[in-house]
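Engineer: Chain by chain, the residues:
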Amino acid sequence: MTDDKLIQELKEMHYQGKVDVVDAVMQQVGNKPLLVPATHRITLGKVSIAAAACALIALSINVVALFTRDFNEVQIGSDIAAVYNFHAGYGEETGSSYSMGGVEYLFEE
Amino acid sequence: MDEEEVIRDILAGNVNRFAEIVKQYQDNVANLCFKMGGSSVDIPEMSQQVFVELYSALPRFKFQSKLSTFIYRITVNVVCKELKRHKRWMPSSEEDGPEVVSDERNAEQSIVHQEKVAQLHKALGKLHNEQRTALVLYTFNDFSYNDIAEVMQCSVAKVESLIFRARKNLKKIMVGE
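Each protein sequence line maps, in turn, to chains A and B. Sequential numbering of the first sequence, starting at 0, is according to numbering that gives the first Met the number 0. Sequential numbering of the second sequence, starting at 0, is according to numbering that gives the first Met the number 0.
This is chain A alone, in the form it adopts within the complex (with noise of 0.2 Å):
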């Protein structure tokens, strides 16, 4: 057989069935999810990923504000009862409060 009848050949081989699958494609096409066009889901991504960052951020911002709250309190409390205990180990008056840090705190025995 030479090259060209083997090519002509292959030419002339088809399926000897008939297809029909519409129905069967259709179906199974139907029930999948509306085509999301590339550049919607890229941008749904870009919001997904900057929208975790800003959660994040907002959390670990309000982690070190937590701590740096309490300590701050803690401190603050801490340097008033001394300013108190101070004035009042010299038998001084205490007045009734002391200011820090814009807040004022009331002195109550």
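Bear in mind the hints are in silico, worked out from the structure with no lab data behind them. Possibly wrong hints are sitting among the right ones.
Stated by the list, open to error - From the derived model, a few chain B residues whose C-beta atoms are all more than 12 Å from chain A: (1) Glu4; (2) Ser64; (3) Leu66; (4) Arg84; (5) Ile110; (6) Ser143; (7) Asn145; (8) Gln152; (9) Ser154.
What the hints assert, rightly or not - Sample of chain B residues at the chain A side, in silico, Cβ under 8 Å: (10) Val14; (11) Lys22; (12) Gln25; (13) Phe33; (14) Val51; (15) Tyr54; (16) Thr138.
What the hints assert, rightly or not - Listed below are the simulated DSSO-like cross-link pairs for lysine-lysine, each with C-alpha atoms no more than 27 Å apart in a straight line: (17) B/Lys83 x A/Lys17; (18) A/Lys10 x B/Lys125; (19) A/Lys10 x B/Lys171; (20) B/Lys170 x B/Lys83; (21) B/Lys125 x B/Lys157; (22) B/Lys121 x B/Lys170; (23) A/Lys4 x B/Lys157; (24) A/Lys10 x B/Lys121; (25) B/Lys167 x B/Lys115; (26) B/Lys171 x A/Lys4; (27) B/Lys167 x A/Lys4; (28) B/Lys125 x B/Lys115.
Just so it is clear, CB atoms sit at the ideal spot from N, CA and C, and this is done for glycine as well.
Assemble the complex: chain A is given as a structure, and chain B must be docked to it using the hints.
Structural biologist: Showing chain B alone in chain A's frame:
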């Protein structure tokens, strides 16, 4: 059928128009599956799988090539995946051999011709996967080397080399049988 208009309509949400693409290409897809996969693959099931994958891949179609090239690329990938699963290529037997369209030959000649074609199909299965793919595409729908390169995602030079080697090896196998 204006393919670009149909695809844009489908991507806009009119899924029913996908049926038009399936109707247009299902025979060619089945033929290609048959030529590439022999009896190792269930042709209707393969064809169905090709179109389902095409549906998912439509957002990636950039209209820079023909839709037919895109479809046949998916077909080649689907069949190759299936052949890898089977790990062997089973040609059709002489009983369910491929139909040869030839009305002018008489009955005896027709039978001889059918046997030769079944042998040819068997020999195709002995080729290396890439060589068989290139050769089948070369003999399918008058594909150019550029078309084949686009489907196989390789260079034209590689396609030429694959077809040259495929023809040589196929002839060797046929002569050997």
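Engineer: Next pair to validate is A/Lys4 with B/Lys157; report whether the Cα-Cα distance is within 27 Å.
Structural biologist: 23 Å, holds
Engineer: Determine whether the non-interface label on B/Ile110 survives the test: each CB of chain A must be over 12 Å from its CB.
Structural biologist: 15 Å, holds
Engineer: Examine each Cβ of chain A, and state whether all of them lie more than 12 Å from the Cβ of B/Gln152.
Structural biologist: 19 Å, holds
Engineer: Holds or violated: is the Cβ of B/Ser154 farther than 12 Å from all Cβ atoms of chain A?
Structural biologist: B/Ser154 clear of chain A: closest Cβ-Cβ about 22 Å, beyond 12 Å.
Engineer: Next pair to validate is B/Lys121 with B/Lys170; report whether the Cα-Cα distance is within 27 Å.
Structural biologist: 12 Å, holds
Engineer: Does B/Tyr54 hold up as a contact with chain A if the rule is Cβ-Cβ below 8 Å?
Structural biologist: Holds, about 4 Å.
Engineer: Does B/Glu4 really sit off the interface, with its C-beta more than 12 Å from all C-beta atoms of chain A?
Structural biologist: Label holds. Min Cβ-Cβ 16 Å, cutoff 12 Å.
Engineer: Decide, holds or violated, for the assertion that all CB atoms of chain A are farther than 12 Å from the CB of B/Ser143.
Structural biologist: 15 Å, holds
Engineer: Is the interface hint satisfied for B/Phe33? The criterion is a beta-carbon contact with chain A at less than 8 Å.
Structural biologist: This hint holds: B/Phe33 lies near chain A, its Cβ roughly 4 Å from the closest one there, short of 8 Å.
Engineer: Run the distance test for B/Lys167 versus B/Lys115: straight-line Cα separation, threshold 27 Å.
Structural biologist: 18 Å, holds
Engineer: So, as I understand it, the hint says B/Val14 touches chain A; can you test that by seeing if any CB pair is closer than 8 Å?
Structural biologist: 6 Å, holds
Engineer: Are the Cα positions of A/Lys10 and B/Lys171 separated by 27 Å at most?
Structural biologist: Roughly 19 Å separates the two Cα atoms, so the pair holds.
In the structure shown, no violation is registered for any of the earlier numbered hints.
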